[in-house]
Amino acid sequence: MPREKYKDKIEGLYKQVDTYNLVENLETCLACGKCVGNCPVASLNPSYNPRQIISDVLSGDGDRWLDSEEIWRCFWCAGCATVCPNDIQFPLLMMQLRYRAVENNYGLKYIMPFKRFALRAREDGLTFAPSEKGREKIKRYRSNLGVSPWPEISDRAKAEYKELFDLTGATEYLNNTSDESEKPVTFKYTEGRIISE
Amino acid sequence: MNEQRVVAPEELIPEVPESIFLFRSCTGSMEYPGTENAIKEVMNKLGVNIVMDPDQTCCSGYLLTCSAYKPEVSLAVTARNLAIVEKQNLDTYVFCNGCYGYNRELTHIMKHNPAYMQMANDVIAKQGYKYEGKTEIHHVQELWYRLKDEIAAKVVKPLQGLKVGVHYGCHYLAQQYHILDDGGYPTFHEDIIEAIGGTPVFYKERQLCCGYSVGRGITHKEATVQPHLYKKFKSAKEAGVELMTTTCPGCNVGLDREQPNLAKRYAEEFNIPVIDLSQLISIALGVPVRKLGFEANTVPLDGIINRLGLERGESSL
Chain A
1 MPREKYKDKI
11 EGLYKQVDTY
21 NLVENLETCL
31 ACGKCVGNCP
41 VASLNPSYNP
51 RQIISDVLSG
61 DGDRWLDSEE
71 IWRCFWCAGC
81 ATVCPNDIQF
91 PLLMMQLRYR
101 AVENNYGLKY
111 IMPFKRFALR
121 AREDGLTFAP
131 SEKGREKIKR
141 YRSNLGVSPW
151 PEISDRAKAE
161 YKELFDLTGA
171 TEYLNNTSDE
181 SEKPVTFKYT
191 EGRIISE
Chain B
1001 MNEQRVVAPE
1011 ELIPEVPESI
1021 FLFRSCTGSM
1031 EYPGTENAIK
1041 EVMNKLGVNI
1051 VMDPDQTCCS
1061 GYLLTCSAYK
1071 PEVSLAVTAR
1081 NLAIVEKQNL
1091 DTYVFCNGCY
1101 GYNRELTHIM
1111 KHNPAYMQMA
1121 NDVIAKQGYK
1131 YEGKTEIHHV
1141 QELWYRLKDE
1151 IAAKVVKPLQ
1161 GLKVGVHYGC
1171 HYLAQQYHIL
1181 DDGGYPTFHE
1191 DIIEAIGGTP
1201 VFYKERQLCC
1211 GYSVGRGITH
1221 KEATVQPHLY
1231 KKFKSAKEAG
1241 VELMTTTCPG
1251 CNVGLDREQP
1261 NLAKRYAEEF
1271 NIPVIDLSQL
1281 ISIALGVPVR
1291 KLGFEANTVP
1301 LDGIINRLGL
1311 ERGESSL
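Protein chains in written order, with my numbering: chain A, 1 to 197; chain B, 1001 to 1317.
Since the hints were derived computationally from the structure, they do not count as laboratory data. All C-beta atoms, glycine included, are put in the ideal place defined by N, C-alpha and C. One or more of the hints may lead you astray.
A few chain A residues facing chain B, derived, Cβ under 10 Å [as the list claims (entries may be wrong)]:
1) Cys32
2) Arg73
3) Phe117
Construct the entire structure; sequences and hints are all you get.
See below:
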């Protein structure tokens, strides 16, 4: 669809995905496709196509991607943004497309592992602090280096970090994250063509 | 974006600071604690004083990009951490591309959206902090490049032409403004490798990412990460890379920990040790190997240590 022709009807439609207003200039997309050419995921899964996603989101059709497997494959390497002639921050769009998918109960299996990590990080003030056995290894390695056995993080830091999770609603969000009503995701495109609507 | 994207090191860091605030990285202090130690050793040799603060927490960016939670908490955490730095009147130096990317991205969002700045400051005000956006966020690699000549002059154990393949890491190169080089064709790591006596190898897939960010190393390990890394290591091996360097402990996890799995799946051994650039600089500057924590590495460094004729020291590898 030539976007210019319907500009008054579709302008700003992408804001239904970009709810945090992080991608200010999606409408400057030239559809040049450099993002696709520089995308390591697209080279492995040709049906993952950033240009197509931008085009759909711009025309208010972004929701067709919500039940797709494709959107969960992005590595967030920002190779797309690096080569974009208009500096479109596609990874920030992808982040919000994933939020929208999750709100619609798609892709929950891809965020469930991180619920556990996030709840633990909330206690530790550190991300990916392992369980007891792993901690022993860290303590040994650090002691061998002649530094404190555990990263020097204060009780105050831990308490305040935890509090920020509570104050900003992240704790509630995490506790409510569940895969009970999970809906399946599938590949939406094959060889660049839509296979289901 | 009207700000300049790629800037010269002298412009980025006009004056070499006497003291820096070193931003603790979770992965760099737990998974590869030798990274943090190596940075301290090199800074010490360069005469730069390091300030750290036990009140600083995780940057909280990694799990944000894994879609575990929404941006509000990360904006507040970033504001709080940087408020702590600002109290010390120092610039922030991070040594993880993740911390760099997330801190830069989130401060950019706050500075360009007054409502977000207000929201973050309202929340951290309850804990007695105020973030003003004064502290500059740098990656330590910028300082290495800025002081390349000083580092070269202090080399006591030149790398004897060791073939080093560098890995830049995306979250540095993908920043929108004020970086040393963008993702087009970066070469500043190679310049540093040459300065310490190594031979940089421009392997074909050197700009391929580690694949581990946003949690894909957990959710899509077999589906995408392994075939992706296989390409990278195959091209590195074909080009004769003996050692790979990163500037991000997170990338280090992806590139180092995944190699045994690649060997199993593709029946092909790569055995390319992966260490932080700071650890390699430390070796060249004569820091004892036992202070670099190589025992945390999955792919052992014995070959490299023998090749360079280094003392192993007390600690086992």
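Now the hints, each set against the structure:
Taking 10 Å as the C-beta cut-off, the interface hint given for A:Cys32 is violated, the closest approach to chain B being about 16 Å. The restraint placing A:Arg73 at the interface with chain B holds, with a minimum CB-CB distance near 6 Å, inside the 10 Å limit. Satisfaction of the interface hint for A:Phe117 is found here, the shortest Cβ-Cβ separation to chain B being roughly 6 Å, below the 10 Å cut-off.
Hint compliance for this structure: hint 1 is the single one not met.
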